[in-house]
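Trainee: Position chain A relative to chain H; hints supplied.
Protein chains in written order, with the working numbering: chain H, 1 to 371; chain A, 372 to 707.
Worth flagging that the hints you see were computed from the coordinates, not collected in a lab. Take the hints with a grain of salt, since some may be wrong.
In the DSBU-like style, the derived pairs of lysine-lysine whose C-alpha atoms are separated by at most 30 Å in a straight line are [unchecked claim]:
hint, chain 1, residue 1, chain 2, residue 2
1, A, 435, A, 502
2, H, 256, H, 96
3, H, 256, H, 158
4, H, 153, H, 256
5, A, 374, H, 331
6, H, 96, A, 374
Covered, in the sense of this in silico footprint (three residues per stretch, anywhere, with C-beta under 8 Å from a C-beta of chain A), are these stretches of chain H [said to hold, decoys possible]:
hint, segment
7, 8–14
8, 45–55
9, 100–110
10, 219–226
11, 312–324
Positions of the beta carbon are idealized from the N, C-alpha and C atoms, including for glycine.
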Amino acid sequence: MMQRISESRQALDRLNAAAAGLRDHVNFMEVCGTHTVNAFRSGLHSLMPKNVTLLSGPGCPVCVTSQGEIDLFIELAGRPGITLCTYGDMLRVTGKAGSLERARSRGAEVRIVYSPLDAVALAAQHPQRQVTFAAVGFETTTPATAIALLEAKKLGLKNFTALVSHKRIMPALTALLESGTVNVAGFLLPGHVSVIIGYETYRPVVEEYGLPCVVAGFEDLQIAAGLARLTELVRDGTPRLENWYPQAVSAEGNRKAQEVIERVFEPIDARWRGLGVLPDSGLGLRREFSEFDARVRFELTEPDSTEPAGCRCGEVITGRCTPAECGLFGKVCTPINAIGPCMVSSEGTCQAWFRYRRQATQRRSDAATKG
Amino acid sequence: MAKVRQIMLAHGGGGQLTDELLGQLVLPRLGNPLLNELLDSAVLDTGRETLALTIDSYVVQPLKFPGGDIGRLAVSGTVNDLAVCGARPLGLALGLILCEGLESGVLEEVMESVARTGAEAGVRIVTGDTKVVGRGQADGMFISTAGVGAVPDGRRLHPDRVSAGDVLIINGPIADHGLAVMLAREMPQMASAVRSDAAPLNRLIEHVLEKVDVKFMRDPTRAGLAGLAVDLARRTGLHVALDEPAIPVRPETRHAADMLGLDVLEVANEGKVVMVVGEEDAEKTLREMRLNELGREARVIGRVETEMDGICELRTAMGGRRILQKPYGEQLPRIC
Chain H
1 MMQRISESRQ
11 ALDRLNAAAA
21 GLRDHVNFME
31 VCGTHTVNAF
41 RSGLHSLMPK
51 NVTLLSGPGC
61 PVCVTSQGEI
71 DLFIELAGRP
81 GITLCTYGDM
91 LRVTGKAGSL
101 ERARSRGAEV
111 RIVYSPLDAV
121 ALAAQHPQRQ
131 VTFAAVGFET
141 TTPATAIALL
151 EAKKLGLKNF
161 TALVSHKRIM
171 PALTALLESG
181 TVNVAGFLLP
191 GHVSVIIGYE
201 TYRPVVEEYG
211 LPCVVAGFED
221 LQIAAGLARL
231 TELVRDGTPR
241 LENWYPQAVS
251 AEGNRKAQEV
261 IERVFEPIDA
271 RWRGLGVLPD
281 SGLGLRREFS
291 EFDARVRFEL
301 TEPDSTEPAG
311 CRCGEVITGR
321 CTPAECGLFG
331 KVCTPINAIG
341 PCMVSSEGTC
351 QAWFRYRRQA
361 TQRRSDAATK
371 G
Chain A
372 MAKVRQIMLA
382 HGGGGQLTDE
392 LLGQLVLPRL
402 GNPLLNELLD
412 SAVLDTGRET
422 LALTIDSYVV
432 QPLKFPGGDI
442 GRLAVSGTVN
452 DLAVCGARPL
462 GLALGLILCE
472 GLESGVLEEV
482 MESVARTGAE
492 AGVRIVTGDT
502 KVVGRGQADG
512 MFISTAGVGA
522 VPDGRRLHPD
532 RVSAGDVLII
542 NGPIADHGLA
552 VMLAREMPQM
562 ASAVRSDAAP
572 LNRLIEHVLE
582 KVDVKFMRDP
592 TRAGLAGLAV
602 DLARRTGLHV
612 ALDEPAIPVR
622 PETRHAADML
632 GLDVLEVANE
642 GKVVMVVGEE
652 DAEKTLREMR
662 LNELGREARV
672 IGRVETEMDG
682 ICELRTAMGG
692 RRILQKPYGE
702 QLPRIC
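For reference, chain A alone in the conformation it holds in the complex:
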């Protein structure tokens, strides 16, 4: 493994380079059993109750894109990180870093979006912080959102519960968020039907958790579905097979990905969750998910198999097989 010398954009992509950065520079100094898990939230046991704590920073450009904005993202992302660990969000902390010269109207719009998305999720901003930096020292605005949630007694979602025979279920089509942002940034002149899926999933997740014993779940954010599935295989040491024809992708999204030379499996989502459940619970999970608007297009997309090789494999539409790797970092558009 090459030594990280200077931080590159790709170190922040949530892929292999992010793993390297954490492994070389962060974990050796800060590592502890809770942090080393690198799950979406840390689950803290106070002796009387179980709490989940998470934090995320949002630096998206442009601040506004079809289907969402940085405010909607800042609430959804943090709420989802709590929810996938089985927690009910109690409150959010909002850290704003504003750049000198930012139009107040932009901030107003973002705050309204934060409020609306918070109401959707049923969670409030209960504390916060505001800093302003000089022109050119930040790009418009950055937001950091921390969240705390309560995990009900007896609920435990963890990769060590996953076993051969389990199935992977997703709540809807992939890659909408990453492509909506990419198109807004790279081709602002183009009108496209692709809209970000950014949404708080806590109501959907809570509903399913009340009915089904879900073993583990994650939201396929920056490194996409490929990143999630590869991590799952690695952490469980089991073989994970994804069924390409079963993975929902909207035609307009696939088209945009082809045009930009990106692989939909590696593109970010902000309103998707992948649940791992026992095969016997698959039908019930699908049924319960589909009761929620955000789970209408839920599908079984893969399963955990018996080989103990820690590999994630894709069964392609053509009937072929290939091994999936975690994306590198920055998504590089292909030349033609």
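Only chain H is shown next, with the shape it has when bound in the complex:
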């Protein structure tokens, strides 16, 4: 523990030293739910230099899922004979007809799983029920869904489907940059996603947009070290792509996982909360797997993606507004009575703000320094 504390100190010293050499205030953006949570949980925001801000981008899988898809999950869960398997985070996201949690209290069969293979096993054990897996997430969770679908095919299961809403990170980054509305000086890139896709994927961000990118691990100390390095790259005017998580991330990524994804899925246009429909930004099932497509089997059509009135989650996840600037934040929208997904997911920026109360904490530490 003592060693860790001294290493954190060093990373923070380095961040402060680099920040002292900056001409202007800079914003960096992370695009990883685990980065969001750990930056808040560790109190990192209260230790940041005054002229460096860390924004949260579209990195929380629950938060980027469109309202229409959320409504679809809830609608499907309410049908008789269906068991909907989901990651825990989706349970409390509110749609037009409540949430999966409320649906469960009304009698819907909703199960929290840790792996889509658990959903496949459930389907094999209960042939009389239709088991659907709510497949959300970025490249981190996609290979597991692919493996589950391959397993279901191998077992010849007739009662397993996936309602797929997987997303790809790179098209979202590109769309953000193309929109020209986001003031970001560099990206802190996700550890988990990069394990799968490899860091070379991000090369265009540096080459075409001239922004430094640093891949960082997800512990507080690794996040601080990544931010320190990004600040140095900005200060020195040397936009580069650097991998600060070499113990897990390679240039080309996990080839096996990529192959599995490719066997089962193909890129499709997908709707993102806050970003709209982005070309090739989602993954759909290939034709050979369409028998496992919940949309096909249950003839689902996606409801309109009307987001809750007043909810600014879409702007929050694209760094265009902070949670505190949303009129609902902390007043009508709280973790107990969440309106938007950013307040529901524990990886969501709004919940992280609410739970770890960034501003209050900052005021406090300011007061402490002055005192």
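Mentor: Just chain A now, kept in the frame of chain H:
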């Protein structure tokens, strides 16, 4: 605050939603000065002596998990609720709700565990009740345990005795119980070193109370250490600061929490107690606690500060600060 319409699992999590449920549906109808305190036991004054009364229900799944079972839990939880109010347990009442089809061997095992844990605590089951419900109307078995205890003269543990400068002391590492159960339930195929800490703490607590004037104590059960500390700050109106690097967590437990996407501060304990004592008594409390096997790893984990803001703050390992909130209810595993 949203109106509670239909009971959800999270209403039983001991967090913010449980507070809402009690506040909206229970207390408006049943409230009275003793109940409204919402302490672990009610302390009743008969005029001649002071008694403590408590009740708890146990619905854990699976019935057996590494480090314990529903029987050990049913005795420990109730004994601990008496002990943290300063009471010496006099006897327990055991209510069994059994589900049709339950194997008798399971019941035998649980009863043996109740007997063993009772012997450990030095308390007997002195009355009870048994009901059987139809298949599917309960999950294996549920147990309700009530307990009554005697509070020695002159002993009073209450949040209104807490003042700025006091320190918080815990008897050992946190989050073992919740994670042992969670792993047994969610990943039964996985072998893990995490074992529940479920244990009766009355001997440890009684020993400390004989030596030290403890002002208040609680066991950080369902809403974890975060729930306890946030409640303490709110009830005293003082600022409570927890020192993250000082909070003991076993490496295997931290690892399991990271894997399941849970915060160790919010995970349940069943063999932990947090005592609030004056700073001058801190060393002595640690020394006395460590004499007991269940207090070997006792640590000072935080203190009560002078600001009158009712906020609980965590000083993180990195040197940062953040405000702690009471957990919501059901623990939702994170996606990755």
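Trainee: If a hint holds in the structure, say so; if it does not, say that too.
Mentor: Evaluation of the provided hints:
1. Note on residue 435 (chain A) and residue 502 (chain A): the hinted pairing holds, with a Cα-Cα distance of about 21 Å set against a maximum of 30 Å.
2. About 39 Å separates the Cα atoms of residue 256 (chain H) and residue 96 (chain H), which puts this hinted pair outside 30 Å; it is violated.
3. A distance of roughly 27 Å separates the Cα atoms of residue 256 (chain H) and residue 158 (chain H); the hinted pair therefore holds under the 30 Å criterion.
4. As the CA atoms of residue 153 (chain H) and residue 256 (chain H) are separated by approximately 19 Å, the hinted pair is consistent with the 30 Å bound.
5. Of the supplied pair hints, the one linking residue 374 (chain A) and residue 331 (chain H) holds, its CA atoms being roughly 15 Å apart against a limit of 30 Å.
6. Proximity of residue 96 (chain H) to residue 374 (chain A) is assessed by CA-CA distance (about 18 Å); at most 30 Å being required, the pair is judged to hold.
7. Look at the segment 8–14 of chain H against chain A: 3 of its residues bring a Cβ nearer than 8 Å to a Cβ of that chain, three or more, so the hint holds.
8. For a cut-off of 8 Å, the count of residues in the segment 45–55 of chain H with a CB near a CB of chain A stands at 3, and the three-residue condition holds.
9. For the segment 100–110 of chain H, the stated coverage by chain A holds: 5 residues have a C-beta nearer than 8 Å to a C-beta of that chain, and at least 3 were required.
10. Only residues whose C-beta sits within less than 8 Å of a C-beta in chain A count toward coverage, and the segment 219–226 of chain H has 3 of them, enough to reach three; the restraint holds.
11. Against chain A, the segment 312–324 of chain H contributes 0 residues with a C-beta closer than 8 Å to a partner C-beta. That does not satisfy the three-residue criterion, and the hint is violated.
In summary, the structure is inconsistent with hints 2 and 11 from the numbered list given earlier, while agreeing with the others.
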